[in-house]
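Q: So you can see what is in the structure, the chains are spelled out below.
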Amino acid sequence: MKKTILSLAAAIALATPALAETVKVGIAAEPYPPFATPNSYGKWLGWEIDLINAVCAAAELDCAITPVAWDGIIPSLTGGQIDAIMASMSITEERMQAIDFSDKYYNTPTVIIGPKGMAMTPDAEGLKGKIIGVQVSTVHENYVNAHFAEAAAEIKLYQTQDEANQDLAAGRIDATQADSIAMDSFLLTDAGAACCESKGAVADDPAILGLGVGVGLRKGEDALKAKFNEGIAKVIADGTYDKISEPYFASSIYGN
Amino acid sequence: MPALAFALDLATSLDLLAYSPPGWGANLLRGLANSLKIAFGAFGLGLLIGIAGAYGKLYGGPVLRDLLAVYTTVVRAVPELVLILILYFAVTDAVNQLLVALGQPRIQLSGLVAGIAVLGVVQGAYATEVLRGAIQAVPPGQIEAARAYGMPPVMLARRVTLPAMLPFAIPGLANLWLIATKDTALLAIVGFGELTQETRQAAGTTKAYFTFYLAAGALYLMVTLISGTLFRRLEGWARRGQPSLRGTAS
Amino acid sequence: MTGRPAWLAPHRIVMILALAAFVAWSAASLRWSWLPKYAPLAVEGIWRTLWILAVTSVLGFLLAVPLGLAQAVGPWYLAAPAHAFCTVIRGTPLLLQIWLLYYGLGSLFPQFPAIRNSELWPYLRQAWPYAVLALTLSYAGYEGEVMRGAFAGVARGQIEAATAFGMPRLTLFRRIWLPQAVRNVLPTLGGETILQLKATPLVATITIVDIYAVATRVRQDTFIVYEPLLLLALVYMAIAGVIALVFRRFEARVPQRRG
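Protein chains in written order, with this note's numbering: chain A, 12 to 267; chain B, 48 to 297; chain C, 3 to 261.
Read the hints as simulated data drawn from the structure, not as lab findings. Keep in mind the model is a prediction, meaning the values are calculated, not measured. Just so you know, not all the hints are guaranteed correct.
To be verified - Below 25 Å or equal to it, Euclidean Cα-Cα: the simulated PhoX-like pairs (lysine-lysine) are:
| hint | chain 1 | residue 1 | chain 2 | residue 2 |
| --- | --- | --- | --- | --- |
| 1 | A | K230 | A | K127 |
| 2 | A | K54 | A | K230 |
| 3 | B | K84 | A | K245 |
| 4 | A | K230 | A | K35 |
| 5 | A | K254 | A | K230 |
| 6 | A | K127 | A | K254 |
| 7 | A | K115 | A | K35 |
| 8 | A | K127 | B | K254 |
| 9 | A | K54 | B | K104 |
Put together the whole structure using the sequences plus the hints.
A: Listed below in structure tokens is the structure:
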């Protein structure tokens with residue numbers, strides 16, 4: 012029986028009362044518009060930030076938003092530096108082995124974007140010989156590896172989606188696959204509008220893309236999980252969810 | 048045409064650097080303050096470790112000397128980035144496990160404390176070597192004379208060894224301080240809000256990568272140049288009254 | 003002290019046993035199941051790290067020679083820029099320099115369509131030219147400062163003697179000045195190369211898959227944190243050890259008697 016550090020950390024987590032104190036909600040420290048971006052006052056803004064506040068209020072949790080590097084966000088959770096992750100983290104099989112998830116709170120289509128004027132379809136045929144950039148350890152990386160690995164000339168991995176967008180604008184990669192909302196937001200910026208356009212949504216693969224985005228939690232913290240589920244259900248039921256979404260999105264991003 | 052667009056771009060980017068929002072100047076300066084805090088703390092911690100380590104290497108028993116050799120060798124052979132990741136994840140984990148074992152509630156190490164601890168351990172290895180060399184450069188007669196007068200070890204260190212070795216140590220320590228200020232940039236990898244991380248966030252949000260990286264470079268350079276001047280003054284001060292020490296020491 | 007080898011001292015035996023116990027414990031109770039899957043990638047990563055290290059150290063040294071020379075004896079219009087270059091490189095974090103070159107320059111490309119149509123574009127769109135450039139400049143900046151001292155440290159009498167014999171300036175440089183300056187810096191070169199090795203993982207932040215990037219990938223794919231990092235530290239220590247040995251050999255072959 013191997014005693015792992017992760018399970019040790021989880022055991023420690025069990026031993027401490029988590030609900031009595033402030034819940035540190037980890038977000039990625041890198042800008043991810045329109046979900047979470049820092050403004051020049053050093054304050055974090057965005058749809059996901061609004062949602063965190065609403066869910067915490069509905070669940071009667073005292074939350075503190077804590078930016079953590081995406082790279083270290085799961086070790087930070089299991090190591091106890093944060094108590095929950097709300098950083099547009101998709102629910103995946105691999106992550107389920109390390110951490111637990113609440114119910115999903117959004118699920119949006121996945122699109123391919125590429126340079127303007129380059130003929131490209133969002134399938135293996137259209138991406139033949141292209142260099143595709145994706146953010147590391149995301150559902151998009153899994154999808155690209157599963158569907159486009161043979162067709163693509165190269166799959167480049169980025170620490171943040173922002174860097175992949177930047178390299179797409181610079182012409183260093185031919186396409187990137189990501190969440191449609193985040194991509195819409197990028198295509199609205201000057202740099203995005205000048206260089207790139209959407210090539211359409213990829214074919215659905217429920218096994219990889221279907222689970223949506225949830226709150227990441229340490230394994231075994233069922234009480235906190237129940238609180239978050241309750242909060243999410245409440246904001247959806249009482250219309251807060253739609254009210255938060257209205258300034259950001261034309262239609263609901265909850266998905267089906 | 049592109050040249051004109053480029054010039055226009057630079058003009059708008061200068062607005063981005065304005066001190067008050069919507070400019071990002073205040074963010075960069077806040078990052079700089081954090082960087083300096085960490086560099087200062089790490090340098091101080093490194094000095095403490097270095098003094099202890101140098102004494103250990105010079106006067107300690109064989110076990111202590113070997114352990115210190117392992118410490119300095121490992122730290123100087125492994126990239127700081129890797130050490131930071133190992134220590135950053137491991138130190139907080141270890142502290143918390145210890146606290147839980149003692150029945151205390153878990154604490155969260157702030158990025159500041161973790162950064163200082165991690166970079167301090169790295170600095171300590173280099174400081175050990177610098178200070179050991181400097182202590183060895185002190186003419187042995189001075190230390191022996193103090194011992195002959197029956198000066199207790201702590202007073203000997205405070206009154207003779209440390210002040211006498213200072214002129215030899217300052218160039219090396221100045222270099223270490225510069226390394227400390229630059230190594231704080233590596234904490235951007237673990238998401239701590241120092242200058243490089245603040246710069247990356249500002250650049251990513253505004254897409255003015257070139258402007259922000261240049262501005263941050265200028266800030267780092269300023270720190271380097273100012274501390275270079277200060278350290279030269281300090282060296283002059285430490286050498287006061289012993290102008291030809293270096294020449295006669297050998 | 004006594005006749006037996008140094009490592010046979012009792013406390014050393016205890017330390018070696020402790021290390022062996024630690025290795026055995028790591029092998030037995032930490033998770034290594036990811037190793038076979040990532041081994042080919044890791045070999046590729048080590049190869050890339052070594053390649054970048056070798057290329058940038060050699061290029062950086064070649065650049066350091068004129069930088070050192072300009073600062074030691076050059077006229078002010080060469081000495082000043084060389085000094086400014088070394089100050090800027092040594093005064094700013096390498097990570098920032100790499101990001102400025104890669105993302106900063108990259109953000110300027112769309113404004114100049116000519117670049118994209120040029121023949122250099124297939125290279126410019128890859129990451130390694132930026133990594134090689136940044137690390138080369140960095141090595142040159144640090145070593146240029148060292149070379150300045152080395153050139154200045156060559157005894158004046160020798161240069162005067164050579165001039166008195168009517169030796170042409172280029173021959174003087176090639177036969178007398180450069181070899182002696184290089185010999186002066188040789189003891190520092192090993193250390194500088196190890197520092198350069200420690201700088202290489204930064205290129206992983208601009209999508210180059212070196213050994214550090216492979217370890218990051220393992221961590222991100224499997225959420226196993228410590229094991230890949232420990233192994234990574236071991237790999238760097240092994241490479242640093244080999245570098246130290248090679249330079250010690252190299253140094254031993256250079257005659258040390260000073261004329």
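Q: What hints, given by number in increasing order, does this structure fail?
A: Hints 1, 2, 3, 5, 6, 9 not satisfied by this model.
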